[in-house]
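Per the UniProt record's numbering, the very first residue in the sequence shown carries number 1; after that it's consecutive.
What the hints contain is simulated information worked out from the structure, not anything from laboratory work.
Be aware that one or more of the hints could be misleading.
[What the hints assert, rightly or not] Calculated lysine-lysine pairs in the PhoX-like style (CA-CA distance at most 25 Å, straight line):
#, residue 1, residue 2
1, K170, K182
2, K150, K186
3, K245, K108
4, K126, K39
5, K216, K186
6, K126, K170
7, K217, K150
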Amino acid sequence: MIQIGFVILTGLSIAITSEDVDTNIGPCLSSFYSAAYHKSYNCTSAFEYLSVAEDICAPTDVVELNAEYNSFIEILTEKSSDETNCSEPYYQHSDLKCFPILQDMAVKLKDVVDVHTEINDTRVLKLINLCEQATVGNLKLSDVFYGCIKQTCLEETEQTRIIDTCEMIKMKNSEFIVCNHKIQEKLADLSNHTCLDDFDFNLETNELTVELYSKKKECTLEIMRDSCGESAVDNFDHYADLLIKQSSPVQQLD
1 MIQIGFVILT GLSIAITSED VDTNIGPCLS SFYSAAYHKS YNCTSAFEYL
51 SVAEDICAPT DVVELNAEYN SFIEILTEKS SDETNCSEPY YQHSDLKCFP
101 ILQDMAVKLK DVVDVHTEIN DTRVLKLINL CEQATVGNLK LSDVFYGCIK
151 QTCLEETEQT RIIDTCEMIK MKNSEFIVCN HKIQEKLADL SNHTCLDDFD
201 FNLETNELTV ELYSKKKECT LEIMRDSCGE SAVDNFDHYA DLLIKQSSPV
251 QQLD
């Protein structure tokens, strides 16, 4: 079993304040991004915010947004000169953009936890695509969700947890993890490899994984190459480091 960790953004609100605007429209804006992400409204492809807000926001918020719309847009689209000030509305706004995609990732992740999947399983491929949207982005600059975690004030440790989780998801779709599963199932039968002479086969799964990819790293590389071929050890060092880093589990991938 492969251990992975996943973080989900929760509880953010956004307070928009200036000489012209004094309102807390966090729930309204969050609902809008959710509607846009799930394409609940045809107009959201062009992000016609006010037409959607009339359906999903409190009437008092709609009135104020209509009255102060230009100021609202200015505050949310103009970066502060102080890029370290995460209390600025621009950065809180960017955090809210990540909500829908990270929530979607969390839901889809549950479908593959504790499940042995084959290469190119559609559930894993969908997660890989979501990871690319959230962490990398592409040339679809009109899509505000692309690369959203890079636009936020998420602490570096939280960004790293998300990125590492995405790397674990990619690894789940690799020949490396197929081979890892294979050798851990028949590890006791690999005693003919002299590099395992002093190996403790009775370790718990998590401890065993760390042992194989740290102290016995070169031995494991040799076994995987012999058992599964060269393709199984592509990116071996990267995946080995990931497995060690994730040795304290939050969730499990088979």
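Structure-based check of each hint:
1. K170 x K182: holds, 18 Å
2. K150 x K186: violated, 42 Å
3. K245 x K108: holds, 23 Å
4. K126 x K39: With a Cα-Cα distance of about 17 Å, the restraint between K126 and K39 holds, given a limit of 25 Å.
5. K216 x K186: holds, 16 Å
6. K126 x K170: holds, 11 Å
7. K217 x K150: violated, 33 Å
Consistency with the previously given hints fails for numbers 2, 7, ordered from lowest to highest.
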